[in-house]
Amino acid sequence: MKTIVNVSRRDFIKGSGALVLGVALPASTLAQMKVRTFAPNAFVRIGTDNTVTVIVKHLEMGQGTYTGLPTLVAEELDADWPQIRAEGAPADAKLYNNLFWGPAQGTGGSTALANSYEQLRKAGAAARAMLVAAAAGKWNAPASEIKISHGTIYWKDRRATFGQLAADAAKLPVPENVTLKDPEDFIYIGKPARRTDARAKSTGTAQFTQDVKLPGMLTAVVLHPPRFGAKLKSFDASKAKALKGVQNVVAFSTPVTDGVAVLAKDYWTAKKGRDALTAEWDEAAAFKLSSSQILDEYKKLAATPGTPARTEGDADKALASAAKTLEAAYEFPYLAHAAMEPMNCVVRLQAEGCEVWNGEQFQTVDQMAVARLLGLKPEQVKLNQLYAGGSFGRRANPASDYLLEAAAIAKASFSGTGGKAPIKLVWGREDDMRAGWYRPMYYHRLQAGLDAEGRLVAWKHVIVGQSILTGTAFESMLVKDGIDATSVEGASNLPYDIPNLGVFLHSPKMGVPVQWWRSVGSTHTAYATECFLDEIALATKKDPFELRRALLAKHPRHKGVLELAAQKAGWDKPLPKGRARGIAVHESFNTFVAQVVEISTTEKEGSHRIDRVVCAVDCGVAVNPNVVAMQMESGIGYGLSAALAGAITLKDGMVEQSNFHDYPVVRMNQMPPIEVHIVPSREKPSGVGEPSTPVIAPALANALAALEGKSPRVLPFSNQEISFA
Amino acid sequence: MLSLNVNGKHVSADAADDTPLLWVLRDHLNMTGTKFGCGMALCGACTVHVDGQPTRSCTTPASAVSGKRITTIEAIGATRAGQAVQSAWVAESVPQCGYCQSGQVMAAAALLAANRNPSDADIDSAMSGNICRCATYPRIRAAIKRAAKGLRA
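Heads up: the sequence lines are chains P and S, in that order.
Residue numbers for the first sequence, in the numbering used here: 23 to 747.
Residue numbers for the second sequence, in the numbering used here: 107 to 259.
There's no promise every hint is true.
Stated by the list, open to error - Here are the computed lysine-lysine pairs in the DSS-like style, where the Cα-Cα straight-line distance is at most 27 Å:
(1) P:K263 <-> P:K253
(2) P:K261 <-> P:K287
(3) P:K213 <-> S:K115
(4) S:K115 <-> P:K287
(5) P:K732 <-> P:K599
(6) P:K626 <-> P:K346
(7) P:K235 <-> S:K115
(8) P:K213 <-> P:K339
(9) P:K310 <-> P:K599
(10) P:K590 <-> P:K213
(11) P:K599 <-> P:K626
(12) S:K251 <-> P:K590
As the list claims (entries may be wrong) - Covered stretches of chain S (chain P as the covering partner; in silico rule of three or more C-beta atoms under 8 Å from a C-beta of chain P):
(13) 126–133
(14) 162–168
Said to hold, decoys possible - Partner residues are not named here, just some residues of chain S that face chain P (Cβ under 8 Å, in silico):
(15) N136
(16) C149
(17) Q192
(18) W195
(19) C206
(20) I229
(21) I237
(22) R239
(23) L257
In case anyone wonders, no lab produced these hints; they're calculated from the structure.
All C-beta atoms, glycine included, are put in the ideal place defined by N, C-alpha and C.
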């Protein structure tokens, strides 16, 4: 008996010798797929070699998406984990859009797993149903009696692999509706499946943009202007061109920057050529302020009202009538992402179009921007996805800065010489660190009012700093009534129960390019709010954990992680002299994180040691608890680097830092032991790439306050000669 | 013409004398496992072994190591320590973005080749020149201990 009836051939989605499925797509998209033949436009590809390739629409930049997303497919498909492969999707806003972002493909805001959770499970379930139908047809068996376990299809004494049934399954119609597993039956979700990229990344075989080599390719090393916004007046390439191996020197201009590129077959020759260039810049419109001047301006703004982001009761009135008031101000510097792989991009420009190789975080935005610059249609720009050597937000540049630079150089080179050499743009560390697109500088001013019993009755928070989203593709979605949601997130949704609360924003314009940086607004709001709350606890002689608990009565998930972290850290157990704990809790991207940091003083004056970090996280269903733990650890290390010593500063508009000697980051000897505890949950999964990042700095600052009576109000801590061994 | 001994093979490259070993490996010999991170011996992504010693290839002129034994990530798995390190890296789920890991593996393999029972202080000392922005340090530490245990067994 055959349970699946073949429908007309136009309903088939068929790959050559393989089962290609786009099964969780809306009907309208499916209709478009039918006319496009055999395009790799789906999520699952089962090869006759028995491999299951999951097409991942998000960038793997370390966060584990090439493991987490395939887990969802493997789960519903009942695949065997070792047969699973991950492959980056091409750019396609219809098929591969981020479901939380509308018609744009990209990775950010810790959304990859969260937006894919049902989409990829449905894709796996549909593939499974088709394999079952194929087996039913082949064995003349009822579909209901066919079972699949770990990649083997069973019925009575019959056995088949996915590979053996792939060709048959490809001829069958894609089911409109599929049933997803009951969570009770999960075999992979909730278990620590091994990362798909672990071996390649332990043996040096994983391919990054930096590793791309095409026939005839030239490496481009660039000279950028010394100040943001400067225009190229003239340049002298005679010394560069005199160097053996330098093939070409071209000026370029993008909507982001002007520059000069030296092209050679290898990086070292191109770099020597770049270093030999001299250029004159028109700095009439260039940005020339120093960090100290920006800060002065922000301080003045913070004393004025600002645009309301949230108003409960009347904070000003309550402050005026409070029995006691407290005030604090916090300063945050610009921060560079400083991913290990400096920005780079390969572009091959040919008459019929352009091909790009990149660790691509913002596919459809980049595709459109490159097409616009080159005078092509978006579909003439093909993106090839590669692993990214870190990003932390940087590779999703709102202006596609480094991609446009590579494309502009390829264009200049193309028209200048008639040559068609593919171009690999390679930034040195200094180029990367000085190119801008920083976490903005911020200044926060907070005031609290206490009543006669010491209860917190008023909270006023004024935030000053550049808007990241204004002028980007996200402006219409996330900038409302003058409030950039990413400037105030973590402050405007403060969970604490305070009757009179006001959060206000100033978004001054500065000529420094700024960008989202791992956990975005929470990088500064979590610090300001969580440190200030500890100052209130200290002033009212309340335990910081108990004060939070009392104020979080209406927020069970915040309270849940807070209590778990405190319990696992032994918050109620006394510590010897010279040792102290600090606690902080924060929600970002719908994930809740609390951390307890334990520190001690060392023999060296002013120096401390972090003995232990206890981290509790509630991210809904933990699809892969090992990846969740990895991301908590990673975020803690990243946040710690910024807290301890991270700062990009400007002197007369010029960036003062250039490499890891003056932009120090946490190394092995500074990294504390970390314990991660995951709250068991049936809630939909939320992201884990960012949410542990903002919590470590305030938890650490609060430990310092517990140890020494005050927490740092200026970041990084090294500015106040607070150091950690 | 520059002549080198890389992973037990004699190879030559038409590179200027001041070219760092890193760029000879990557651009001239097409061995891209060794990574470029800083160009100033500050991050360790470019770590290779020269006569068994961990060396930052980004600041080592290739001409200075002519005649010496150079081992890269492409061949470290053929050594006992390297194989133990790479297996431990997978078992402890060390890599995240993975870009620094070639250098981390090379530094760890050199440590374990010399010391099969490293203390935490030994690990700090051998590994603190290698930056990982994903902060995989706790897992690197665990993996080194796992690999050391395997090598002692």
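Looking at the structure, which of the earlier hints fail to hold? 3, 6, 8, 9, 14, 23
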